[in-house]
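Asker: Sequence:
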Amino acid sequence: MNILEYQDLDLQGVTKSYAKVVEMIRNRDFYSAKVKKLLPTGYYRAELDHSNRLLFKIVSYQGETYALMLEIIRQHDYSQSRFLNGAIVDESKIVHSETEPVEPIAYLNKNNTRFHWLDKVISFDDAQQEIYQTRPPVLIIGSAGSGKTALTLEKMKQTTGDILYVTHSPYLVQNSRNLYYAHQYQNDLQAVDFLSYQELIETIQVPGGKEMTFKSFKEWVQPWQRHKLLQNTHALYEEFKGVFSGPVIDKPYLSREDYLGLGVKQSIFLPEQREQVYELYEKYLAMLKQRVWYDMNLVSYAYLSRCTPRYDFVVIDEIQDFTNIQLILILKTLKNPGQFLLCGDANQIVHPNFFSWSKIKTLFYEGELTDSQQITRLLSVNYRNSMAVTHLANRILKLKNARLGSVDKESHYLIESRSQQDGTVIFLNAASDFVRELNQKTRKSIQVAVIVLRDEWKAHAARLFDTPLVFSIYEVKGLEYEQIILLDFIAAEPQAFLEITRGVTPADLDKPLTYARLKDKTDRS
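Under this note's numbering, think of the first position of the sequence shown as 443, with each following residue one higher.
Hints are all accurate, no fakes.
Straight-line distance between alpha carbons at most 27 Å, and here's what the computed DSSO-like set of lysine-lysine pairs gives:
hint: 1; residue 1: Lys707; residue 2: Lys953
hint: 2; residue 1: Lys562; residue 2: Lys886
hint: 3; residue 1: Lys840; residue 2: Lys801
Simulated from the structure, these hints should not be mistaken for laboratory data.
Input sequences plus hints: build the corresponding full structure.
Answerer: This is how it looks when you write it as structure tokens:
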């Protein structure tokens with residue numbers, strides 16, 4: 443039997459007896475090791491000496507069996523075990539075990555005898571292990587399911603002092619906090635703040651009014667949309683959030699001269715359209731002065747002078763959802779520059795901010811933070827999704843590359859699946875009879891979630907599916923389900939998808955990725 447050890451296994455005072463007992467387990471001599479199973483849990487204990495016990499778990503991977511050494515139970519005190527959740531164990535009633543049922547797990551690195559544990563076993567592959575051992579600063583780029591969040595949380599455990607974990611999504615904040623402290627993890631050398639960016643801003647000062655969200659922006663801009671140019675609300679919102687303010691860090695927003703002088707690729711709107719767009723932005727600024735609404739970028743700039751260094755280490759998760767000015771504000775909370783970890787994926791943008799890795803590189807250069815090339819690490823292996831889901835994701839990435847082009851290799855790379863499950867992807871016509879049948883089959887399941895593109899479409903989904911597990915793409919980050927239903931992702935925005943796929947042929951999706959800009963710089967796709 444193969445033996446792996448938990449990263450934080452403390453062998454103080456039991457090293458010799460531990461080595462002896464582990465060798466017995468390796469040879470499957472459970473009788474000599476006095477192994478017993480702690481029913482109804484999936485854990486086992488072996489006897490080290492009269493007072494101390496070894497807690498371990500047995501799993502399988504690719505046909506081989508592994509014993510995972512977890513912790514030492516000292517003085518028979520099972521109530522102090524991290525993994526037993528305070529269970530009371532009566533040793534006179536636990537079951538002697540000669541054979542063991544084996545629990546399969548998704549991945550184990552056979553070259554690494556150490557593993558980690560969040561809510562489950564975490565085994566780092568060679569690329570992840572290299573990042574784990576790298577001193578900050580680090581910028582991790584990885585696809586969904588690449589293990590970047592798990593890796594990020596485990597790297598946080600290496601640090602001491604006051605630590606900040608920040609991301610835009612409150613759902614991801616909650617999920618990361620739960621993972622970090624899973625199985626009663628404690629570290630007396632740390633004080634960790636898990637905050638959404640909104641919460642971080644409020645620790646400096648609660649802004650007056652309400653944040654200008656897309657919904658409120660849509661209501662405000664409607665009276666000004668008589669002109670055809672101003673009728674694309676999503677484009678205007680992204681221009682306001684990701685072009686006028688956000689990228690610049692030395693001023694709250696672009697002047698008219700600066701804006702009109704932007705290059706073709708630096709704005710959603712063409713040069714001849716920008717005069718009218720800037721006039722609308724001036725109306726937007728005038729409205730904000732009434733203090734009914736506030737713009738998060740402008741607040742972030744205003745708070746730079748109020749921000750004081752207070753953290754020894756900072757983690758920024760889902761960096762692609764942040765603007766440059768927001769990143770600068772977060773990094774200003776560091777006591778020592780460079781003690782940060784950033785992670786994200788430009789293919790998972792859900793907050794409109796005109797994000798690009800080139801802007802991040804420019805930020806690092808102009809802010810004299812560090813050399814972005816030297817600290818960047820790429821994770822391209824997916825452990826979460828089935829092979830069918832990963833294959834579909836790669837097809838979409840190829841479509842994006844064929845239609846839009848790219849010179850940015852950090853944003854465009856194919857994903858390698860390490861899943862042992864084939865999985866299925868099914869495209870279905872959402873006819874009313876079929877939806878009713880699908881609802882009946884899934885309504886009681888806690889492993890099936892319904893996902894829609896926008897918050898305002900959740901009500902429609904809730905009328906079709908009798909489940910509380912209805913999320914927009916803004917809410918679903920950090921959550922995992924065995925099956926998902928993507929509702930009307932294409933049908934709800936048919937013109938946009940037709941434009942995105944214009945000119946792309948099936949043969950284009952069989953070609954390797956190419957790195958080149960679109961020939962037509964004015965293409966607004």
